[in-house]
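Participant: Sequence:
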Amino acid sequence: MSHSEDQELAPLNGSRPAKHPALSRPLYAFDLPPALHNSLKLRSHIEDAEAAHILSASATAPASSTATQTSAADQGAQIREPSHLRVPPCSLCPGCAPFPSVTAQRAHFRSDWHRYNVQLNVQNGSLLVSQQAFEKLSEEVESASELESDEDAQQSRSTAVKTDLVTKILARTSLQSAKKSAPQADQADQDDEDAADTLQALQLRAPLLWFVSKESAPDAAQLPQTQLGFHRNVFPDPGTSSAPKLAQPDSIAEWYAACIASMQTGRITRQGSKQSAWKGKRIKSKEVQEAARSVKMTVLDGEGFISGLSTAINSDAVGSSDEYDESDSGTDDAESSSDETVATSTTISRNPDPPLRMWTVLLLGGGHFAASVIALNPHVTTYKSRPRDGSGAPREDRSLILLAHKAFHRYTTRRKQGGGQAAQDATGRFAKSAGAQLRRYNEAALGDDVRGLLDSPGWRELIGRSDKIWIRAGARAARGLLWSWEGAKASRGSPLEAARNDGRLGSLPFPTRRPTIGETVRCFLELAKVKVEYKSDEELAAEEQEALEAIQQRSRKEADARRREEKAQERAIAQEKSRADKKPARLTEEEQAERNRWTRLVEMVRKNRTEALVTFLSKNADEMLAGKIDAKLPDWLMEQQVNDAGASAPASRLVPSTLLQLAAEAGSEGVTRFLLEDQRADPTMAPERLGELRGRFAADGSTPAAGGEEMAHRAAYDLCSTKEVRNVFRRMMAEHADWHDWAGMGSGGARVPSALTDEMQEHQTAKQKDRRAAMREKARERASKAADKAAAAPEPPAEEVFAETPPATSHQTTNRLGGKGAAPRALLQQRDEQQGLTPEMRARIEREKRARAAEERMKALMNK
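If you count the sequence shown from 1, position 848 lands on 1265 in my numbering, and the numbers rise without skipping.
Just so you know, these hints were derived from the structure itself, not from any lab. Note that the structure is a prediction, hence the values are computed from the model and not measured. Any given hint could be a false lead.
Straight-line Cα separation of at most 25 Å, DMTMM-like style, residue types lysine to aspartate or glutamate; simulated pairs [unchecked claim]:
| # | residue 1 | residue 2 |
| --- | --- | --- |
| 1 | Lys1024 | Asp770 |
| 2 | Lys631 | Glu963 |
| 3 | Lys713 | Asp770 |
| 4 | Lys1045 | Glu878 |
| 5 | Lys458 | Asp954 |
| 6 | Lys849 | Asp865 |
| 7 | Lys436 | Glu963 |
| 8 | Lys994 | Glu982 |
| 9 | Lys1049 | Glu1006 |
| 10 | Lys696 | Glu878 |
My request is simple: use the sequences and hints to build the entire structure.
Facilitator: Dropping the structure here:
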């Protein structure tokens, strides 16, 4: 561990314990001291709970022959653990348990069992089978296949094994699908959906698993106040070939201890030489060596390390970035031979190399592609110090072996624009510039280079032998380039297809830089390097409590979100049902014709078309009104008035329910007189209240609760919107006083305040004329007094007249009634503004003006 990292991970209180000898240099996850990896356990109870389902999945994994069923305690722990720490089970396959990882979930989606249930669900969802039933069907099909002829067996081997097995089972159960390509398309879509669903659950888990020393560990292996962090993705998935096979581990710590022990790969001590195929020289690239310097290791070129393996595509396909530094390696060898003695070949022969294990790292983006196959086994060279050194302890130099590496670059992305040319073309804007054509050509050339590299025999063998393949590429770029090949190479297929099916393919769980060979080495070491922290028990307890509170808070938020979503769905269903109930039924021709006649009648009343109304009623009164002029308006018309009023209108608002009330509200003077005098309409009938109509036309048929005090009686006169219509009622009261109780204010009264005769009208007109004449006379007197005063005043100098006299304008006229000259202009402007307003709006404006004037008078009185 470097000095800077040592300072960064130091505890805040500064009380760091003495460093353990095993921590004198950075730890490598695949080459830990034996005493160290045998004495580690998980640090946090949260991580224990999170790994409970991993333990049960490992014990019941189908890949292990000694697997047993999960105990009741493990099942209880699995039920008690938070739901967001588990990868959800398959919702299609019956009896499917939660998955230990996203990789296991994806592997299930590619399994024969799931694909068979997908086919059954397309045809009949009630025929889904469990895993035990599917295994029984598979055994029956395999036993029946043994009776086939050699020719049939040869034909069956030419197709894919999975497709052939599912097809045979479907054929045996008489449920074979008509389209064979549909399952593959459905499977690809299902994989994308499941990957999107589990992405959030994957991000909720911490990227590192922290370990501390066991209490039972010997004193020499104890690490007081020290925590070791392993990247979560380094550990194998339960049920895979690299996972430890434990029948029923006693604890999570035991399972993880077995995982760490299985990760130890053993050391390579074979030395390169000029006579052998493997030279053992360092990579020249400074970026590669800089990445390895973080773990105090070097990187060796692995060309020729595996005998008989050639990774070259052709003679001129060697990149300049893949060269190694011969002069540096020779200098290092010469210096080391002058000071120290390298271990002899007899020692190497007595200690043969362990089985070689490797990872593959593939990076693709921005026209750059880099691929590296790195051995997990560290290469160790032991040097024996001379006696003059004093200590006599041997020194070890660790190195990584880069078994194969290759990088390509093509100009496919416009600088500082982002996105490849293919992504730009997918938007529909197909550029025809020279640069765009060059980028399209380079994209095709890059694809040929990558496919040619992966299709070479050497790279196929290395990818097939890799324990894990890590990639970082966009979904659009990876499809057709890294897998799902088309064209001539589609018959052989990409070597990454097998890794996708068996779960060895994974995405790098952290951001990466530009794809280079050095970046692949950095990504490898980021996963393989063991992080070290120094924290006290109090700090660990505080962190654990904070993590528990965060998990609980997140669980509460998810529960609240689910409840809100359920309530929103219930409201949406209720609203949809309400709309369906309120949706008017399809009208017949007779009903539509009836509504059209009522619409015409209402329009005539509101527009004061008296002559047209008389003609219309003479033809349709008996059919529409049943011979009664006071008949109620139809319900659909009343409901329409309620909807037009809106939800903000008060419940006490009056709604006309007869033709007379409708004419009074519309201000139709002629129609009102025709209905009162000629048709003898009843002016004492009470109109409807808006609140009552809302209750009548409510979706549930409920009526509003009655108030504590009964509403006062109202009549058609209360709906009058203009003075002219009110005068019609007053004239009818004077002319036909015996027809109705015109002055009555209670039930059965017309609520007309007073009668209006011709003499009363003439008297009011005369009084108005006299008042206007008096006002004109006063205006003339004021004008004459002003003229006499102006004539008696001394004449001012010409300069003052010119300075004080305002320029004459065309709008300044003499007001004969007195007041300022701008008053007529204001009155004209007010008249123009109120030209298109309804009588109700004019009355509202007048009330507001009177209220403002009253406020001004009150202010003036208070100031006095």
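Participant: What hints, given by number in increasing order, does this structure fail?
Facilitator: 1, 4 and 7
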